[in-house]
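Numbering (the working numbering), first residue to last: -17 to 150.
What the hints contain is simulated information worked out from the structure, not anything from laboratory work. Don't be surprised by glycine CBs; every beta carbon is placed ideally from N, CA and C. One or more of the hints may lead you astray.
[Claimed, not checked] Below, in silico cross-link-like pairs of lysine to any residue (SDA-like), each with a Cα-Cα straight-line distance of 20 Å or less:
hint	residue 1	residue 2
1	Lys85	Gly64
2	Lys85	Phe103
3	Lys85	Ser132
4	Lys95	Leu83
[Unchecked claim] Label-pair distances were calculated between CB atoms; the ranges are:
hint	residue 1	residue 2	range
5	Lys(-6)	Glu79	40 to 50 Å
6	Ile46	Arg101	15 to 25 Å
7	Glu47	Val78	37 to 47 Å
8	Lys110	Glu47	33 to 43 Å
9	Glu47	Leu(-12)	18 to 28 Å
10	Ser120	Glu39	40 to 50 Å
11	Phe43	Gly0	41 to 51 Å
12	Lys22	Val78	14 to 24 Å
13	Lys85	Asp135	32 to 42 Å
14	Thr4	Lys110	17 to 27 Å
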Amino acid sequence: MPRFVLIARLAKVEILNGSEVTARERKESEIRYVRLVMSKLHEFPEEVKKLHPRFAELKEFHGIEDGRPLIGVAGPQKMASGLISITLQCVGASIVEKPPLTKKLPATTTVGKLKNLCRTFFKLKSIKPILFLQEEGSPLPTLLADDMASFIDLGVGNESTILVDEES
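Produce the entire structure from the sequences given, and follow the hints as far as they go.
Below, the structure written as structure tokens:
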């Protein structure tokens, strides 16, 4: 389970995996958690209430509205609001010299699609990339193993760092 989910679900936790949970990290984790749950809300609303008891409390506390406006922005503005900024950082032995790259991608981008984009961005011809999510305050990155999972499913937020390694 990702660190941000644990922080959001455990209201009184102050230290997690040996690192302090700062007020900023708690706020960001709770907002990210609410958005993650909201992405699943339309599928199973009753199940969400049972599985995520703090969801309603956190949604109200942070003043987060439903992401589905009745009458709202269309076209490029709507598309731009759904983009998140991701920094891709190469850490593999043969690709470590490549500089970090920041891209704006849709929150619905899957891990498999991002792997293909990494091959293009970093010109990785024969290298099969492995991706990890580096979360702030977490000592170890989280492996992004499910190629079908989207950023929303994984809780990848704006200004996240994805580490690009090579399969051995």
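Hints broken by the structure, by number, lowest first? 6, 10, 11, 12, 13 and 14
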